[in-house]
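S.K.: Sequence:
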Amino acid sequence: MKTEEFTYRVFIFWYVVGIILLSLDVLPPWLDWANAVFLILAGILGGIYFILQYGSPLGWTAIVVIFVFTIVAESLGVEYGLFFGDYYYEPDFGVHLLNVPITIGFAWLMVMATTHVIAKGIVQSLPYKWLVLLVYPLLGAIAAVIMDLAIDPVAYQVKQYWIWMGDGGYYGVPFSNFVGWFIISFILHVFLYLLFHLKHVWNKKSIKPWEFRMVLLYVQIIIMFVVIALTANLWMAAFLPLILMAKLLVIYFLMRGARKND
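Just so you know, UniProt numbering puts 155 at position 155 of the sequence shown, and the rest follows in order with no gaps.
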């Protein structure tokens, strides 16, 4: 069995066990470390997608830039309140680099890979390159924010992976956090488009079944945090990202279907 297939199966097993424990609200405290491993595995899957889809040199370039850029951005956020607002990470959320858990770098890698596939699938039929350059990062950033609408309230209110200083309007999470998510993901999507377009692989045929796996991974991550939000009675954090995700995926599959019929 190939390494990437083994990794994917391990992730699916980890996910199924996790979703059962979380939905029954019986996850023991001594298994809290499994949440970080879950996000790391999800990030590794995102990295595998980039390598398989665009080749090793470009895939690794995307991985390294996303990981380093987001760790630095998060570090600036922790130290100076830039991008996201005033917050800090708890020390038990994995190994830290520049006062940021390396888990966060992997999580961002998952976010970028999944939203890249969804945004690219929507815009691929657009007739003008300049329109793709504008709409693709915009949709990618929106997709990332939708995911964070589920992640941040749970990570703060339930798991306390990080702590927000002061009051925020969305379960204690400040609006600046979602603006920061939008800006960071927008910049990285512009980078991905330029990287893959200039190297003439943007329109490369999708590697099956990894395109679908990235879309499924996007859904799985949101569902995981929605389940935790429901067990904690965070109703808006459960239903708002769920509704927005459903609308986004309807557009994705409609555009994907239209592309096949052309």
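One should not assume that every hint holds.
[As the list claims (entries may be wrong)] Here are the simulated DSS-like pairs of lysine-lysine, each with C-alpha atoms no more than 30 angstroms apart in a straight line:
| # | residue 1 | residue 2 |
| --- | --- | --- |
| 1 | Lys129 | Lys199 |
| 2 | Lys247 | Lys159 |
| 3 | Lys205 | Lys2 |
| 4 | Lys129 | Lys2 |
| 5 | Lys2 | Lys159 |
| 6 | Lys129 | Lys204 |
| 7 | Lys129 | Lys208 |
| 8 | Lys208 | Lys247 |
| 9 | Lys159 | Lys208 |
| 10 | Lys199 | Lys2 |
| 11 | Lys205 | Lys159 |
| 12 | Lys208 | Lys2 |
| 13 | Lys159 | Lys204 |
[Claimed, not checked] Simulated restraints on C-beta separations:
| # | residue 1 | residue 2 | range |
| --- | --- | --- | --- |
| 14 | Val10 | Val219 | 29 to 39 angstroms |
| 15 | Ser176 | Val10 | 33 to 43 angstroms |
| 16 | Phe175 | Asn99 | 21 to 31 angstroms |
| 17 | Ile12 | Asp167 | 32 to 42 angstroms |
| 18 | His96 | Ile187 | 32 to 42 angstroms |
Hints are computed from structural coordinates only; laboratory data are not their basis. Treat the numbers as computed from the prediction; the structure is a model and nothing was measured. Where is the CB? At the ideal position from N, CA and C, for every residue including glycine.
S.K.: Return the numbers of the hints above that this structure violates; sort them in rising order.
M.R.: Hints 4, 5, 9, 11, 13, 14, 18 contradicted; others consistent.
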